Amino acid sequence: MLNMLLPAAALAAALGVGGWLMIRNVVEAAHDRLLDGSVLAIAERLTVDEDNEVTVDLPPVALGMLESQAHDSIYYNVTYDGALVTGYQDLPQPDLTRQVAGETTHSDAVYRGNPIRVAAQLRRVFGKPDPVLVEVAETTNARRAIEYRMLAALGLLELGLLGLVGWLTWRGIGHGLQPLGALGREIDARSVPGAISLKPIDLSAVPREALAPAVALNALLERLEQSIGAVRRFTADASHQMRTPLTILRTHLGILQRRGIDTPEGRAALDDIDGAAKRLERLLAQLIALARADEGGSAGDETETVDLARVAAAVVAERVPQALAAGTDIQFEGPEKPVPIAANEVLTGEIVANLLDNAIRYNRPGGTVIIRVAGAEIGARLEVEDEGPGIPASDKTRVFERFYRIPRKGGPEGSGLGLAIVRALSDRLGADVRLHDRKGGTGLLAVVHFRGAVAKASPRADTEVGVIGRPV
Amino acid sequence: VVPKERLISEVFGFDEPVAPNALELYVARLRKKLEPMGPQIRTIRGIGYLLETR
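For the protein sequence lines, the chains are A and B, in the order given.
All residue numbers for the first sequence refer to our numbering, where the first residue is 1 and numbers rise by one.
All residue numbers for the second sequence refer to our numbering, where the first residue is 1 and numbers rise by one.
Warning: the hint list may mix true and false statements.
[What the hints assert, rightly or not] For the chain A half of the interface with chain B, some residues (derived, Cβ under 8 Å), not all of them:
| id | residue |
| --- | --- |
| 1 | A313 |
| 2 | V316 |
| 3 | A317 |
| 4 | V320 |
| 5 | I330 |
| 6 | Q331 |
| 7 | F332 |
| 8 | E333 |
| 9 | G334 |
[Said to hold, decoys possible] Okay, the calculated beta carbon distance ranges per label pair:
| id | chain 1 | residue 1 | chain 2 | residue 2 | range |
| --- | --- | --- | --- | --- | --- |
| 10 | B | L30 | A | A325 | 18 to 26 Å |
| 11 | B | L34 | A | G327 | 17 to 25 Å |
| 12 | B | T53 | A | P389 | 30 to 38 Å |
[As the list claims (entries may be wrong)] Far from chain A by the CB rule (all over 10 Å, computed), these chain B residues:
| id | residue |
| --- | --- |
| 13 | E10 |
| 14 | A22 |
| 15 | L34 |
| 16 | P36 |
| 17 | I41 |
Keep in mind the hints are simulated off the structure, nothing from the lab.
All of these numbers come straight from a predicted model, not from anything done at the bench.
Yeah, the Cβ is synthetic: ideal placement off N, Cα and C, and Gly gets one too.
One chain only, chain A, in its complex shape:
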């Protein structure tokens, strides 16, 4: 409020100063004209008598016109050649060198301890070689009195105006914010502990002034409700996924207890326990990977220059035994040169590993998995191709949802998290994942498009490129 009045107050002050200067000029000019009249009336009566002396027949009206209610003292003075003709001998004289005959000048002076205004004119008189100086002066009481009256009136006017502006502003803001206050109470009423409502605000009840924030708030509430829903579903799905292997574990432990280890049933139960434990382990690892991918959030943070060809080759080499155990032929196609991308080495490795894992698990027996790395026009491409059953077009989007699995009989076990992890990690790296059908037969072709490394993004990127470029 005070901040809003400050500019108005500054404007009022500027107006006040300007007004004071103007008042002063007007008052001085008006009073100076009276003095001029008086000087002229005296000057008109200057004569030279028979003794060749300057005389003046002082008319009463000449000084009478200056009389005022403010009891100003009036002084006059007629001198010729430095000698007093009539009037007050010691009245201050203007600077005579600048004085032009016939013109009246005005100046401020102090006489007998009071400030005075002096009007002076040099007048030529017939019969005398030098001009006669005529001065009329008055104290400034009347001038100041009028000035102060006008100034006081101006000040009062400005104060009134300032008050009016302040009151209008206060009323305006209060009135303008009223709808927001109502909106605030409406939102407050929702946060009842234990039953927080994320229902959108009824826009028909919101005043027009508050519509924009209310609409924005509704959009936020909707996103919030969606994300809370997603977390709820995720928790429910995750706990369901954990419960299945745990149930299997308990069942088979029961069999072991009843039958003992050295029976065919016992040995089979041990195998199943091992499998269930492995499933649980993998599920937990995937949940951790997903949580890690989620917590980073924005793409582009902590990116470094990564050689996609090297990372992919390393992951493939790591998975060779798993592929061979599954009876899958694994092949890597990549350029000899590094393929620099803007990414994070660990996250990129996870993307390759998850895609490769899927390709091996869902491949047909004796099938081939091909991993390709190639620089693209912008960035680089990673392709993982398998000869499995592929994914129908209707499911190509849904497979990225967490825990979604294509309903299929006799397929390998899985959590439905692999592609969700790939999507989450890609989002974080600003990469783009797409699923296609393999050309020339059934199978899936997963393509990830990574962002290219910016040449001089960081000194670290420079040194890395330098190391790669050195001949080995």
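Model the placement of chain B on the given structure of chain A, informed by the hints.
For chain B alone, kept in the frame of chain A given last:
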């Protein structure tokens, strides 16, 4: 899995010029000698070679 680059540098050293298929030749000879005894050398295309014992 042993990467191809490592095999080349360890078998031939740094100084000798290496013909592109020199390593393949050596691997083929090794395969012939080893296979009757059991161990198998598998080619992992793009990555290197894997010695499999059964």
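Task: Range hint 18 to 26 Å (beta carbons of L30 (chain B) and A325 (chain A)) holds or violated - done: About 23 Å separates the Cβ atoms of L30 (chain B) and A325 (chain A), which means 18 to 26 Å holds.
Open item on the list: Is the interface hint satisfied for I330 (chain A)? The criterion is a beta-carbon contact with chain B at less than 8 Å.
Closed with: Check passed: Cβ of I330 (chain A) comes within 6 Å of chain B, closer than 8 Å.
Open item on the list: Using the nearest Cβ pair, does G334 (chain A) come within less than 8 Å of chain B?
Closed with: Holds: closest Cβ of chain B sits about 6 Å from G334 (chain A), inside 8 Å.
TODO: Hey, is A22 (chain B) genuinely clear of chain A, shortest beta carbon separation above 10 Å?
DONE: 17 Å, holds
Task: Range hint 17 to 25 Å (beta carbons of L34 (chain B) and G327 (chain A)) holds or violated - done: 22 Å, holds
Open item on the list: Less than 8 Å between beta-carbons is the criterion; does V316 (chain A) satisfy it with respect to chain B?
Closed with: Holds, about 6 Å.
Task: Verdict for T53 (chain B), P389 (chain A) (Cβ pair) under range 30 to 38 Å - done: Given a distance of about 33 Å, which is inside 30 to 38 Å, the answer is holds.
Task: Status of the stated non-contact between P36 (chain B) and chain A (beta carbon gap over 10 Å) - done: 21 Å, holds
- [ ] Hold the hint about V320 (chain A) up to the distance rule: shortest CB distance to chain B must be less than 8 Å.
- [x] Holds - the Cβ of V320 (chain A) comes within 8 Å of chain B, reaching about 5 Å at its closest.
TODO: Answer holds if the nearest beta-carbon of chain B is closer than 8 Å to that of F332 (chain A); otherwise answer violated.
DONE: 3 Å, holds
- [ ] Test the statement that E10 (chain B) is away from the interface with chain A: the closest C-beta pair must be farther apart than 10 Å.
- [x] Given a closest Cβ separation of 14 Å, the condition holds.
- [ ] Evaluate the condition: distance from the CB of L34 (chain B) to the nearest CB of chain A exceeds 10 Å.
- [x] Non-interface label stands for L34 (chain B): nearest chain A Cβ at 17 Å, farther than 10 Å.
Going through the hint list in order, the structure satisfies each hint without exception.
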